[in-house]
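> For the record, the sequence lines run as chains X and E.
Take the first sequence: its letters are residues 2 to 436, numbered as in my numbering.
Take the second sequence: its letters are residues 2 to 436, numbered as in my numbering.
It should be emphasised that the hints constitute simulated quantities derived from the structure, not laboratory data.
Just to be clear, a hint being listed does not mean it is correct.
[Claimed, not checked] So the derived list for chain X, only partly shown, Cβ under 10 angstroms to chain E, looks like this: (1) THR36; (2) ALA38; (3) LEU41; (4) GLU119; (5) GLY245; (6) LEU277; (7) PHE312; (8) ASP328; (9) LYS391; (10) LYS428; (11) ASN432.
[Said to hold, decoys possible] No farther apart than 27 angstroms at their CA atoms in a straight line, the calculated lysine-lysine pairs in the DSSO-like style are these: (12) X:LYS31 with X:LYS347; (13) X:LYS95 with E:LYS102; (14) X:LYS102 with X:LYS428; (15) E:LYS193 with X:LYS336; (16) E:LYS102 with E:LYS193; (17) E:LYS193 with E:LYS219.
[Claimed, not checked] Sample of chain X residues with no beta-carbon within 10 angstroms of chain E, all distances over it, derived: (18) PHE21; (19) SER105; (20) SER161; (21) SER175; (22) PRO177; (23) MET239; (24) ALA280; (25) PHE316; (26) LYS323; (27) GLU326; (28) ASP333.
Just so you know, even glycine gets a beta-carbon here, dropped at the ideal spot from N, CA and C.
Spelled out from the first residue to the last, the chains are:
2 protein chains.
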Amino acid sequence: MNIRLYNAQILTMRKEEPVFRGEIWVKNNKIAYITAADKLKDRTEEFAAISWDMELDCRDNLLMPGFKDAHTHSAMTFLRSYVDDVPLQQWLEKYVFPMEKKLSGEDIYHLTKLAVLEYLTSGITSIFEMYLTPDSIAQACIDTGMRCVLTSGLNNFTSSIEQQEEEYLRWNHSDPLISYQLGFHSEYTCSKDLLRRMSQLAHKYRAPVYTHLAETAKEVQECKARYGVSPMVFLYDMGIFAFGGGGYHCVHMSAGDMNIFRQLRLYAITNPASNLKLASGVAPIAEFERRGIPVAIGTDGPASNNCLDMFREMFLLSGLSKVREGDAGSLDAVKVLRMATVDGAKAMQLSHADVLEEGKLADIILIDLRQPNMQPIHNIPKNLVYSGSKSNVCMTMVNGRILYRNGEFFVGESVEDIYAECDRIVKRIINSAAE
Amino acid sequence: MNIRLYNAQILTMRKEEPVFRGEIWVKNNKIAYITAADKLKDRTEEFAAISWDMELDCRDNLLMPGFKDAHTHSAMTFLRSYVDDVPLQQWLEKYVFPMEKKLSGEDIYHLTKLAVLEYLTSGITSIFEMYLTPDSIAQACIDTGMRCVLTSGLNNFTSSIEQQEEEYLRWNHSDPLISYQLGFHSEYTCSKDLLRRMSQLAHKYRAPVYTHLAETAKEVQECKARYGVSPMVFLYDMGIFAFGGGGYHCVHMSAGDMNIFRQLRLYAITNPASNLKLASGVAPIAEFERRGIPVAIGTDGPASNNCLDMFREMFLLSGLSKVREGDAGSLDAVKVLRMATVDGAKAMQLSHADVLEEGKLADIILIDLRQPNMQPIHNIPKNLVYSGSKSNVCMTMVNGRILYRNGEFFVGESVEDIYAECDRIVKRIINSAAE
């Protein structure tokens, strides 16, 4: 497919590059050309050589890179609004784990599709996904057209080192939409022996590793009681992060933990809405920034957040940092926007989908600037982070395919069918839980 | 106009009443009938007597009362994304006050209209508005069809007791969309003598009074330095709140301040997004709740927030309370929803627009439950507060008139004309500031 996106304002997210007027030409799954309006005449020859499948008049609205949702558990859509207002450990042990046991791979396939619809409405073009049955998640993303970086939720009860290695080898070479990074659920759900083997796997492939880390004060305390050190120090000592990677949440981090992050260039993948809703705390993002620790943003799962909306996360990240630091200048809009796009891509090892640039993957969104929350236009990045909303997303393109446009989805299946399927699954699980 | 809203789910927000299937019949500006689907046959006679101007199939989506935005400075749209990332006092003194001097009443008329468009997209059906030139604000609301409770921003430099009294008498009897409550900007912008006269005015009309209160720690400290007591105690001693009213923000409140609030039944009108963005702090909402202090919610102005979105405020309110209290059970969705609707109406003295009930004003919104963020439907109030978004608002009706539907506005003027007018104003003011 050759798609021409013309008459647009363009925010490439390349460092310091201001918004300019121009157009983007997409050939198959890549950005073939980006041209400023006043340089278009230099491209007459290239233009003549392309036969367009679609020419989309952007009507002076904004093209920018899609958001990278760097921590998700998509299929937890089935628990949205089912259990809320309880603390994390109780929420996990009393509700989440028992309900999850009732999920089949096929259930996860459909429930993931529901989440994909929601990501698309918020301009999210790739997810970093940890959940049960990675194969069905991958299939749901392939079938809908979503880009997905899988990781393992390995723990003492589900998956195994062998399974992870097999998935790692297979899903890094099977489909252009899917890649796979090594991972495990958390220090507190994995035995020392399992973590030792996890470290060996990381060393075997010289690969980065990702895990839940320092989400709650309790988690850190219990690790200290168990091993005498924080989860970060414990995992560092095991050599798990010898080739980089990152931690999800990173709310309760000591100076020592942060030094390790800095030294190993680990990514802090923050989840502000989830950390509020589960009363876990507010991560010290400005402190990460001062120490040069790179930050990416995730929504976490729809049972803990409960929505999958990068605009909410972006405002929260900036606002919470301002109030935590007592400094209204903390974490300005441009920094947050970089975390939600470029830094997210880097954290997910998707450096070919980070900015809008010729040769990069065509993961592009169109933002409607003609809605009242985006007027007047003094400063587009600030509008995006401080007053922007998923309602401004009027087109989401992944890998050169338009999957969402003006409220309509193009994901190979009707939305109503996906809802009906999920409804059946939810009813079955709840009825069997009641028995 | 007689409008039939049928095939709906209905959340009346009357205490403890669950969501039910049914329809609402609007006659002119009021709710004439609300009927559950299974009781419709009892209403055949009434139905036959009405000739419908419009019958709207709600397709099993949700009708509920519109949101009450209990603290706004609408015309500050002109400064959105113009000055951000600076602390409140500097923001006010260096940017806001000098720029505001350049605003005419006509400017405020147009800039308010821009804000009204945004309120409608978020299902906000009435605003509690404090800004310069109340007459032009009232006119903008009358012309667009918005419900507005005006209050005075009286301070040492703008407005006067005489002007406020004249406005109070006039705007409480001029138009069904407009009412007026007594108010002043804040302790720190009013002399003791002016506040004494404010108190006399309140006593003369036995009327409630509203003001900015305890927004920043600095404000409280400076009042203590000036008068030896907190702003709350100082204003209480002056007798200003003898007939009730409320305070906007209420972030930095002592136990003594809260006791006064409780005793006088004052409303704490909270503005969570603004308090984050200006690094003012997090209001102790759960503490208000424990003490029986009623709470309403406001967006504050679009230069401090920067968006006018009740869904963002609702999630923030609940999430911030959970993390402040270290208790994921704090301030659940139903409580927050009441604050955003019923309690807001009470704070604004709009008790005839609080719930959906026969005889009440027809300020009604329709929420699209067929978007992915609202699926599955385990619990509608939780879906609204935890995963809901302004993108779910598909119809906003104020005083029996549909002002917004499926992304289109019906406000007596084209959206593009409003944008263009505001753009002209913004450019003129910025150019003159640069001179």
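> None of the hints should be skipped; say for each whether it holds.
Hints, verified against the model:
1. THR36: It is violated, given that the least Cβ distance between THR36 (chain X) and chain E is near 27 angstroms, above 10 angstroms.
2. ALA38: Since the shortest Cβ distance to chain E is 20 angstroms, the answer is violated.
3. LEU41: Violated. Min distance 26 angstroms.
4. GLU119: It holds, given that the least Cβ distance between GLU119 (chain X) and chain E is near 4 angstroms, below 10 angstroms.
5. GLY245: Cβ of GLY245 (chain X) sits 30 angstroms from chain E, so the hint is violated.
6. LEU277: Given a least distance of 3 angstroms, the restraint on LEU277 (chain X) holds.
7. PHE312: holds (9 angstroms)
8. ASP328: At about 6 angstroms, which falls below the 10 angstroms cut-off, the nearest Cβ of chain E leaves the hint on ASP328 (chain X) intact, so it holds.
9. LYS391: holds (5 angstroms)
10. LYS428: holds (9 angstroms)
11. ASN432: The hint is violated - ASN432 (chain X) has no Cβ within 10 angstroms of chain E, the shortest such distance being about 13 angstroms.
12. X:LYS31 with X:LYS347: Distance ~18 angstroms between LYS31 (chain X) and LYS347 (chain X) Cα, so the pair holds.
13. X:LYS95 with E:LYS102: violated (59 angstroms)
14. X:LYS102 with X:LYS428: holds (15 angstroms)
15. E:LYS193 with X:LYS336: Not OK: LYS193 (chain E) and LYS336 (chain X) at ~44 angstroms, beyond 27 angstroms, violated.
16. E:LYS102 with E:LYS193: Roughly 24 angstroms separates the two Cα atoms, so the pair holds.
17. E:LYS193 with E:LYS219: holds (19 angstroms)
18. PHE21: holds (18 angstroms)
19. SER105: Per Cβ check, SER105 (chain X) is outside 10 angstroms of chain E; nearest 17 angstroms; holds.
20. SER161: holds (31 angstroms)
21. SER175: holds (27 angstroms)
22. PRO177: Given that every Cβ of chain E is farther than 10 angstroms from that of PRO177 (chain X), nearest at about 25 angstroms, it holds.
23. MET239: holds (31 angstroms)
24. ALA280: With a cut-off of 10 angstroms, ALA280 (chain X) comes too close to chain E, as the shortest Cβ separation is near 4 angstroms.
25. PHE316: PHE316 (chain X) is in fact no farther than 10 angstroms from some Cβ atom of chain E, at 7 angstroms.
26. LYS323: violated (4 angstroms)
27. GLU326: violated (7 angstroms)
28. ASP333: ASP333 (chain X) not clear of chain E: closest Cβ-Cβ about 5 angstroms, inside 10 angstroms.
Hint compliance for this structure: hints 1, 2, 3, 5, 11, 13, 15, 24, 25, 26, 27 and 28 are not met, and every other hint is.
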